[in-house]
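Protein sequence lines, in the order shown, are assigned to chains A and B. In this text, residue positions in the first sequence follow our numbering: the first is 1, and each later residue adds one. In this text, residue positions in the second sequence follow our numbering: the first is 1, and each later residue adds one.
By construction, these hints were calculated from the structure, which means they are not laboratory data. Hints should not be assumed to be uniformly reliable.
What the hints assert, rightly or not - Heads up, simulated DSS-like pairs for lysine-lysine below, C-alpha to C-alpha not over 27 Å straight-line:
1) A:K53 <-> B:K11
2) B:K245 <-> B:K196
3) B:K147 <-> B:K126
4) A:K53 <-> B:K147
5) B:K147 <-> B:K11
6) A:K53 <-> B:K26
7) B:K26 <-> B:K11
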Amino acid sequence: MPTVQFTANLARQTNAPPCEVMGGTVRECLDAVFALHPALRGYLLDDQGAVRKHVVVFVDGTAISDRMRLSDAVNPASEIFVMQALSGG
Amino acid sequence: MSTKLYLGTRKGLIHVERGPGGWEIKRTSFLGVPVPMLLPDSRDGRLIAAVEHGHYGGKLHASGDDGSTWTEIAVPVYPQGEEPVICAMSQKPIPQSLEKIWALEAGGADEPGVLWCGTVPGALFKSADGGASWQIVEGLWNRPERKEWFGGGMDWPGIHSICVDPRDSRHVTLGISCGGVWDTRDGGATWNLLGKGLVADFMPPGEQENPNIQDAHRIACCASNPDHFWLQHHCGIYYSTDAAKTWERIHSADPSDFGFAVAVHPHDPLTAWFVPGANDDRRVPVDASLCVMRTRDGGKTFEPLRNGLPQHHAYHLVYRHCLEVTGDGNTLAFGSTTGSVWISEDSGENWQRLSADLPPVYCVRFG
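In isolation and in its complexed conformation, chain B is listed as follows (with noise of 0.2 Å):
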C-alpha cells in the first residue's frame, strides 16, 4: 500500500507519511509558493513538482530523494510569433505564455522517460527526455477547433486530465475545460474528437452537444479496464465503456451531481467516487455538510459517505485534482479549498481529518 502522499498548496508542497501511529505531515518544500500539480513517477521514483511563482511565472523541479533536494528542470514554452487565438467567448487574444501547469503525468512504462503536460492556456507538451525539454503537440495544436475552446472558470482554455492507456501507451485520453474529450491512438500525431452524448446544459440551443466545447471537469479510467472512463462534467456525471467514444450521463447522484473530482477503483470499473457541491451557483457542500459519494454498481446507484466528515457549517470545495485513490482501491485522500486533508483507508467509509490548517489544496497525489 502507499505510505507516501504529496500536497500541492497555494504554499507550497506538503509531504505526508504514514508511519505506525498514521498519517503525518512531515516536511514542506517551495514553501510560500504555489503548486499546482505534482507527479510522483513510479517509474523512476523521481518526484516533478510544478511551482506557479507570482512574478516569475511557473516552473518545474524534479527531486531523486523524495523532495530532499530538487533540481529545475525544463518548462514548457509556447511557440513564438504566431497570431494568438482570439478567444470565442470573450474576444480578447489568448496569450501564448505558459499560464499555469495544470497536468503532468508519465508515459507508459514501456516509454521511460515520456511525460506528457497540459497546460492554461489550452496546450499540451510532450517531453522524451524527462522533462529536459519539452515539445508542444503539434498534431493537437494545429486543429482549427483548438480555436473554438474557452475557459470554464479561468480566463482562458486547459488541458487537466490526461490518461495514458495502460495496454497501449500510445492511446492518450485527455480532458479539457472548455475543449470536450480527445484521444490519439499514435503517440500524439493524430487527435480524435470524442464525447457523444455529452450535454452542455448552459450553452444556447444548437450548441449544446459540440463537443468540441464541453466543460469535462475531470475524466479517470480503470486502470485494469481502461476502456471504462468516469466523467465529472460541469453539467453532471457521466459513464463511458468504450473508451470515451460515446458517454451515458448519470441521473442517480445522491446527493448531487456538481463537482469537479473523480476518482475510479484501480481493478472494478463500476466503481468510482466523487465530492459533490450543490450545484453551480453554489460550491459548498449540499446543506453545507460535506460527503464523499461512491456508487459501486456502475452509477446505478449512489451511496453518500460522511463517517468522519463535518456535517454541521462545512463550506469545503475540492478541486479536480484533489481526489485520490490508491493502487489497491482501499485509501483515498481528498482535500478542500478551505485547507483540510483527510484520508480513507477503507475505501471510503471512514475518514480521519489529516489537518484542517493547510492552505487551499490544489492537487493530491499518492506516491
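Bound-form chain A, shown alone (with noise of 0.2 Å):
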C-alpha cells in the first residue's frame, strides 16, 4: 500500500502521523487518511479542495503536477511526502 508522511513541522500544528492507505492517486490516498484524522484536510487542502498554495506533495521524490484535482498516479509502493513551502518572515 501506498505510504503517507507528513512534514514534521505540520505535526507540530496537528495530528500527522504517518499512514499506509489505499488509492491509485494522490486524492484517493489523501482522502483515506482524512477519513482517518478529518482534522488534517483543512491544513493541506483549501476551501474548494486545492492543495494550500504553501503546501507542496511530492509522489516518489516528485512533486504532484495537479494541484486542483490531485489526480496524480501513485503505484502500490508510492512514497507520498506532504511538506511546507517556504515561505513567510
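Grab the two chains, each in its own frame, and use the hints to assemble them into the complex.
Structural data, given as C-alpha cells:
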C-alpha cells in the first residue's frame, strides 16, 4: 500500500502520523488519510479542495503536477510526502 | 473594571493582566503563529482565537480556562463549486477560500452559542453552536452587490466590523472594506445597504457616493445608545445618529481625520477615540508625533491626547482592531504595527507603555 508521511512542522500543529492507505491517485490516498484524521484536511487543502498555496505534495520524490484535483497516479509501493513550502518572515 | 487584556499579534497571542502593580504581560499562546482576531465571549467566559498558519491556513481555537488549554473548533468554509467572482478592480477571480478571519463577535445575550465571523475574501458566517459548525450567511452572499466589492489595502474585500444591537440581537450592522455599511433586522436572512452621505473621494466622479464601494475602515456603535455609530472611513470620520442609515462627515478632526481604528464610549455616544495617521499617502502619525484623538461633543471639537505617548520620531500605525475601550469607558488600550502597546486608565488623558518590544499588533481586546 502507498505510504503517506507529513513534515514534522505540520505534526506540531495537528495530529499527522505516517499512514499506509489504499488508493491509485494522490486524491484517493489523501482522502483515506482524512477519513482517519478529519482535522488534517483543512491544513493541507483549501476550501475548494486544492492543495494550499504553501504546501507541496511529493510522490516518490517528484512534486505533483495536478494541485487542483490531485489526480497524479500512485502505485502500491509509492511514498507520498507532504511538506511546507518555504515562506514568511 | 477589566483586568485582562488580550493582544493578537504577528507572532502569537499575548496575555496581559492587571495586578496590584499595574498591567503586566503574563504569558503567550500560539507563539510564532499570527493571531489576526480574538473574541473573549462574556456570555460563557470562553476565549476564541483565530490563528493564521502561513502554510496551513486559518484556524479557530477555543479555551475555557483563559488560554491555559485550547481546543481546535470548526473554521468557516466557503461554498464549493461556484463560479468565482471577478474582482471589479483587479479583474482577477476572487478566491473562494478562507484567507483571513477578520472579525469575530458574539451574538446577543439572549442567543447563547451564536457567533458571527467576517472574513477575507468578503463573506459573513454564522455559528449557532459556539463554533462547532459554521454556515455562510446566504442572504448577504447571494446579493448581486457583493460582486462589486473590492479590496482596500488587501487584495480582496473583507468584513471587519460586526455590531450586534444590544436591544435586538437580530439587528446586526457590518463594515466592509470596500463594500460599505450593511445591516440586517432579521438575524441575517435579509440585508440592507446603508451609508447615505458617505463619500469615497478617491473614486471617479459619479461613483464617489455609491454606498456599495465605500471603504469603511472601522465602525463602532455606542453600547447604551446603539443608534449612534462612529465610522473611521478611508476618507474621513463620520457620525450617524440613525443606526448607520445616514452619516455626517466630521471636518473638525485635530490633527487628522485619516486612520483605521475607532472606539466609542459605551455610555456616551458623543465621545469617541481615534488614532490618526497623517494621510493616505503617509500612514504615520502627523509630524511623527503620536496621539490619540478624542471628541466629547459628537465631533464638534477634538483634542489630541499625548501624555505618555512618544512625540519625536514615532512612526506607529494602529490597525482597525487595535483600539479598545472597557465597558466603563475609563480604560483604553491600543497597539501598533511597530510593536508597542499603551494603556490609559483615565479615558485617554494619560498613557503608559506596556511594552515596545512586541510583534506587530493585529487585535486588542479586553476580557
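Here is how each hint holds up against the structure:
A C-alpha spacing of about 21 Å is found between K53 (chain A) and K11 (chain B), which places the hinted pair at or below 27 Å, so the restraint holds. At roughly 6 Å between alpha-carbon atoms, K245 (chain B) and K196 (chain B) fall within 27 Å of each other, so this suggested pair holds. Restraint check: the Cα-Cα separation between K147 (chain B) and K126 (chain B) comes to about 21 Å, which is no more than 27 Å; the hinted pair holds. Between K53 (chain A) and K147 (chain B), the direct Cα distance comes to roughly 24 Å. Compliance with the 27 Å bound is thereby established for this hinted pair.
Under the criterion of a C-alpha separation no larger than 27 Å, the hint pairing K147 (chain B) with K11 (chain B) is inconsistent with the structure, at around 34 Å. Between the alpha carbons of K53 (chain A) and K26 (chain B) the distance comes to roughly 35 Å, so the proposed pair goes past 27 Å and is violated. A C-alpha spacing of about 15 Å is found between K26 (chain B) and K11 (chain B), which places the hinted pair at or below 27 Å, so the restraint holds.
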